[in-house]
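Participant: Make the full structure from the sequences, and use the hints.
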Amino acid sequence: MTLSPATKSAIVEAAAAHGGPKAAMLEALKLVQQAEGYVSDANLAEAALTLGVTTAEIDSLATFYSQIFRSPVGETVILLCDGLSCYLGGADAVRDAVMQKLGIGFGETTPDGKFTLINICCVGGCDRAPAALVGPDRTLVGPLSADDLTALIGGAP
Amino acid sequence: MSETPLTGRARADRSPHSFAKWQRIGGYQALPQALSRHSPDAIVAMVEAAALRGRGGAGFLTGTKWRLMREGAAKAGAGARYLCVNGDETEPGSFKDRLLMEALPHQLIEGAIIAAYAVGATEVIALVRDEYRAAAVALTRAIAEAEAAGLLGRNILGSGFDLTMRVHASAGRYIVGEETALIAAIEGERPVPRHRPPYPAVSGLWGRPTTVNNVETLSAVPAIVERGADWFRGLSRTDEGGTKLYGVSGCVARPQLIEAPMGTTARELIERAGGIRDGRALLAFQPGGGATGFLEAAELDVPMDFAHLKKVGSALGTGALIVLDDRTCPVAAIGRHARFYARESCGLCTPCRDGLPWVSKLLDALEGGQGRREDIELLHMHVDLAGPSGRSFCDLMAGAMTPLKSGLQRFGDVFAAHLDGHCPVGRA
Ligand SMILES: Cc1cc2nc3c(=O)[nH]c(=O)nc-3n(C[C@H](O)[C@H](O)[C@H](O)COP(=O)(O)O)c2cc1C
Ligand code: SF4
Ligand code: FES
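Residue numbers (our numbering), protein chains in the order written: chain A, 1 to 157; chain B, 1 to 428.
Think of the hints as simulated: they come from the structure by calculation, not from any bench.
Heads up, the beta-carbon is just placed ideally off N, CA and C, and yes, glycines get one too.
Please note that the accuracy of each hint is not assured.
[To be verified] Chain B stretches covered by chain A per the calculated footprint, using a threshold of three residues with CB under 8 Å from any CB of chain A:
no., region
1, 27 to 38
2, 158 to 171
3, 197 to 203
[Claimed, not checked] Covered, in the sense of this in silico footprint (three residues per stretch, anywhere, with C-beta under 8 Å from a C-beta of chain B), are these stretches of chain A:
no., region
4, 24 to 31
5, 95 to 107
[Said to hold, decoys possible] Here are a few chain B residues that sit away from chain A, every Cβ distance over 10 Å (derived from the structure):
no., residue
6, K21
7, T265
8, R343
Facilitator: Here's what the structure looks like:
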């Protein structure tokens, strides 16, 4: 897997917009992730090369930020809030229901590669507790209910 | 609108106004006034007189912060100076900055331009948390519109003042919101807190004078310039100026954001949120988000501002009022916070990195009825070790221990009851 010319040129542009290669490392990681879904070792190295920074430097960010994925994730990423306001709104029941339905725990991906479930707090939707963020736009969904998981997983069987 | 100057113009569906529409409904009136009629010092004085306190959590006086920045800038000499907008909102229970960025990006931009003029910044960088994608999109688009209208860029409105503004999208991690970590994040360093002093006003982003302000703080600025410091102070019921965007969540009938006079009481806010849901009674509340101490019914009439809440042993924090009803187990509630803070420790200080996961485990065990008597002693020990603010490299650890500390004080009997394997209040 290599980065597309479009991703590479976007990385170069980011360096100009962010005040230099180093300051653009996070943006580069996000561009890689946007294009490839996650940041593989090979793509990490290529992003570093494109920016002219070391792999170690860029990986020091990749391993720190929770929303940079260093291993493959499913087509749809579900960020389920486990904060207090969501707990008070019944988040534990929603968590149990979605885990049962998908057969995975936090940090895992369904075998068919469709969903990845991640716990997070707080998603700024405490007025819609229990809340979650779904998909590439991190769309806020809630209040969720354990009986109806459509907002989280659509019509998934 | 005049009672809710901060949010009165937000659309119900939170979609942002176009630049033209925003101007039609009174936007960008303060900026020309600021640039043509007032010196930067006069704006700082106005914000000082308005008694605006920072809405990021600590409640630092904004006018004082800006004055320190001007002093730092004078010493630093020629070169770049920065205003950073803190849009990292992640504190449990807080959902106010999301609205201000998503629905009212131009208000924030106008506030940021005026602030930049006042402190002498050459560039504004708005750090927006990764999870607020709609906010980053709205802000990026609004910045482009303001640039196209000549409100950003060179020689703004013929004033000779130059300024650029951009968005820095983050990628998760609560610690990024700590101001020195935020500066490190923008530089492309691992976002862990830095030693202070030097303070950002003296040496911040890339070693240059820097001011970091919260989204809500800056969003309040245009109205102060337009309508004056006296008007702004008059909005408040206490000595701290303005309205406050309170977020009410937890066990209330209608969780919501409420813009109300600074100093509004928890009783009123809970009432406006429909009261305690399902006709239950109040057990306790946190007035300002996850890192603030619990209060109970006796404190329902305390004016919710920085000074009054401090006096009763809690804090206004982010104004996120989290309500616990009488079926909520406080051990479980504190445990949820502990998990969050343990996960978000940046790892620099041992008591934070290793202490918080330990606390979280102890609380989980207690909640599950597996706690031992000495575990409660251990919890007290961790609270004592964390000590007051200032013992660790940043305030994450002290904040993390705050709900536990006040919980042990107020609900010691509930903790003890868990040792016998039962929860006297639990929701089950
Ligand atoms: C762990 C930690 C996280 C923080 N997160 C935020 C945040 O997300 N947003 C924010 O405005 N301030 C946050 N702060 C406070 C900032 O350090 C800083 O005080 C604030 O942005 C200053 O803005 P103000 O003076 O306008 O309040 C955080 C502080 C700590 C210790
Ligand atoms: S207190 Fe915690 S979050 Fe703050 S610097 Fe120390 S380890 Fe990092
Ligand atoms: S606690 Fe879940 S959205 Fe705030």
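Participant: What hints, given by number in increasing order, does this structure fail?
Facilitator: 1, 3, 5 and 8
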